[in-house]
Amino acid sequence: MILVKDNRCDFCGTCVAVCPVDAIELREADISIIHDTCIDCDICIWVCPIDVLSSDEKKEEVKHD
Amino acid sequence: MTDFDVIVVGGGPAGSMAAEAAARGGAKTLLLEKDRDIGYPVRCGEGVGASGLKQFIEPDPQWIAATISRVRMRSPDNTKVDFGMKDAGYVLHRRLFDYALANRAGNAGAEIQTRAYVDGLMVEEGAVKGVKYQYMGENRELSTKIVIAADGVESRVGRMAGMRTATKLRDMDSGYQATVGNVDIDQEMIDFFIGSNWAPGGYLWIFPKGNGMANIGLGVNGKVAKDFSAHDLTHKFLNEHFPKASILTSVCGGIPIAKTLKTITKDGIMLTGDAARMVNPVTGGGIITGMVGGRIAGEVAATALQTGDLTPNGFKDYPARWQKAEGKTHDGLHRVADAIFEITDEKLNKMAHRLAKIPPDELSLMKIFTAVARQKPSILIDVTRAFAGV
Numbered sequence: 001m002i003l004v005k006d007n008r009c010d011f012c013g014t015c016v017a018v019c020p021v022d023a024i025e026l027r028e029a030d031i032s033i034i035h036d037t038c039i040d041c042d043i044c045i046w047v048c049p050i051d052v053l054s055s056d057e058k059k060e061e062v063k064h065d
Numbered sequence: 001m002t003d004f005d006v007i008v009v010g011g012g013p014a015g016s017m018a019a020e021a022a023a024r025g026g027a028k029t030l031l032l033e034k035d036r037d038i039g040y041p042v043r044c045g046e047g048v049g050a051s052g053l054k055q056f057i058e059p060d061p062q063w064i065a066a067t068i069s070r071v072r073m074r075s076p077d078n079t080k081v082d083f084g085m086k087d088a089g090y091v092l093h094r095r096l097f098d099y100a101l102a103n104r105a106g107n108a109g110a111e112i113q114t115r116a117y118v119d120g121l122m123v124e125e126g127a128v129k130g131v132k133y134q135y136m137g138e139n140r141e142l143s144t145k146i147v148i149a150a151d152g153v154e155s156r157v158g159r160m161a162g163m164r165t166a167t168k169l170r171d172m173d174s175g176y177q178a179t180v181g182n183v184d185i186d187q188e189m190i191d192f193f194i195g196s197n198w199a200p201g202g203y204l205w206i207f208p209k210g211n212g213m214a215n216i217g218l219g220v221n222g223k224v225a226k227d228f229s230a231h232d233l234t235h236k237f238l239n240e241h242f243p244k245a246s247i248l249t250s251v252c253g254g255i256p257i258a259k260t261l262k263t264i265t266k267d268g269i270m271l272t273g274d275a276a277r278m279v280n281p282v283t284g285g286g287i288i289t290g291m292v293g294g295r296i297a298g299e300v301a302a303t304a305l306q307t308g309d310l311t312p313n314g315f316k317d318y319p320a321r322w323q324k325a326e327g328k329t330h331d332g333l334h335r336v337a338d339a340i341f342e343i344t345d346e347k348l349n350k351m352a353h354r355l356a357k358i359p360p361d362e363l364s365l366m367k368i369f370t371a372v373a374r375q376k377p378s379i380l381i382d383v384t385r386a387f388a389g390v
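Protein chains in written order, with this note's numbering: chain A, 1 to 65; chain B, 1 to 390.
Treat the hints with care, since some could be wrong.
[Claimed, not checked] Derived lysine-lysine pairs resembling DSSO-like cross-links, with alpha carbons at most 30 Å apart:
| # | chain 1 | residue 1 | chain 2 | residue 2 |
| --- | --- | --- | --- | --- |
| 1 | B | Lys226 | A | Lys5 |
| 2 | B | Lys226 | B | Lys262 |
| 3 | B | Lys168 | B | Lys132 |
| 4 | B | Lys54 | B | Lys226 |
| 5 | B | Lys168 | B | Lys266 |
| 6 | B | Lys236 | A | Lys5 |
| 7 | B | Lys86 | B | Lys168 |
| 8 | B | Lys223 | A | Lys5 |
| 9 | B | Lys367 | B | Lys54 |
| 10 | B | Lys226 | B | Lys347 |
| 11 | B | Lys367 | A | Lys5 |
| 12 | B | Lys129 | B | Lys266 |
| 13 | B | Lys168 | A | Lys5 |
| 14 | B | Lys86 | B | Lys223 |
| 15 | B | Lys324 | B | Lys266 |
Read the hints as simulated data drawn from the structure, not as lab findings.
Could you put the whole structure together from the sequences, leaning on the hints where they help?
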């Protein structure tokens, strides 16, 4: 699941532009992930200029290591 | 009867040009802007070419921050390649510039509303018939004959109409920029840093903004953005090069360095500006090109309203005129960008060592990109077309 560190988002929309399934809603100062639509491809995490997005699954992977 | 003939979504330069052209063509036009302000926040390096700008509007000292006559490009080992610009450049105050363009659209007869967040389209039998939007928490609907989506890099309005606007990672730069004060820079020169140390797959820019200020920012290509943070790189650069800089504004944003979308029209809708990916794929510049696209879209919308054909067939002059004006060049520049991606830091350094020996008045962008084309001769024609006379 993609997580948003809400109070750090700059609402620039870069993640929205690359999302292949249109699973990110962005308003003037409000961002939310539509988890039912999201396919956890993680590219929004990579492209975010200020690293506001993260994946809870990644954290689990790290634990397994 | 519909509420409007044309509803433009997005009040940036492309949207304002579209609204102005549509209104001038006799269309009852509404421009919707999602933020409370036209022109703010500014997610842009703010650089434009003088001749590109002047085809639309006379430069006004109110929104010209700096006038540029020289360019410096630096290779990864900081070899400086200096040259003069044949066409002068400007760094704008976008906040005021966007105001001026929207004001002009208003003077041409377009209505303008801010705080209007479009969250859906009215669609009948595959044709766009109106927009749904929120204003101060209230849901509203307006019918229209044509929607012009100028909603920027996110380009969600096109998706709402069932168009493919999602951009590949290769075609997106992850960008960050600080507007800083207290920096001792040449206010008539733009300064670029190329190579993987500061902006992997992209470049870092220093654009003067007058009074000891500058926009300093960079773009990291999406393909490698997983391993780099545009924010962290920018601050590292500032710490190393301008430790005394005061950060007055900092913004992030995506720079869509793609080819223009294959399809920019559908029944009742046209896409324009960043939303249609009308950005120069090498420089990432999209102000003037967005204005070119926006104006054509508005003009074609006004004409289509007269003929009554609101299908892609009725809009066909729009993609045709865009391709001729900029689109074809952008396709070539996209191939040039691919070639640049392949050049290693070592090769960039070697090229810079050679180019740095050429006197600045004998050097030009054309010569620099011809050197790039030497690495990949198949792009020579693209380079020649894009940079002739520059």
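Given the hinted pair Lys226 of chain B and Lys5 of chain A, is their Cα-Cα distance within 30 Å? holds (18 Å)
Does the alpha-carbon distance linking Lys86 of chain B and Lys223 of chain B stay inside the 30 Å limit? Violated - the C-alpha atoms of Lys223 of chain B and Lys86 of chain B are around 33 Å apart, more than 30 Å.
Hint consistency between Lys367 of chain B and Lys54 of chain B [alpha-carbon to alpha-carbon, up to 30 Å]: holds (26 Å)
Is the Cα-Cα distance between Lys226 of chain B and Lys262 of chain B 30 Å or less? Cα-Cα ~27 Å, so holds.
Restraint check for Lys223 of chain B with Lys5 of chain A, where alpha carbons must lie at most 30 Å apart: holds (23 Å)
Going straight from one Cα to the other, do Lys129 of chain B and Lys266 of chain B come out at no more than 30 Å? holds (12 Å)
When you check the alpha-carbon spacing of Lys226 of chain B and Lys347 of chain B, does it fall within 30 Å? holds (24 Å)
Under the criterion that the straight-line Cα-Cα distance not exceed 30 Å, is the pair Lys168 of chain B, Lys266 of chain B satisfied? holds (22 Å)
What's the verdict on Lys367 of chain B and Lys5 of chain A, does the C-alpha distance respect the 30 Å limit or exceed it? Outside the cut-off at roughly 46 Å; violated.
Are the Cα positions of Lys168 of chain B and Lys5 of chain A separated by 30 Å at most? With a Cα-Cα distance of about 24 Å, the restraint between Lys168 of chain B and Lys5 of chain A holds, given a limit of 30 Å.
Given the proposed pairing of Lys168 of chain B with Lys132 of chain B, does the C-alpha separation stay at or below 30 Å? Roughly 28 Å separates the two Cα atoms, so the pair holds.
Is Lys54 of chain B close enough to Lys226 of chain B, meaning Cα to Cα at most 30 Å? At roughly 39 Å apart (the allowed maximum being 30 Å), Lys226 of chain B and Lys54 of chain B break the hint.
The structure is inconsistent with the numbered hints 4, 7, 11 and 14, although it conforms to all the rest.
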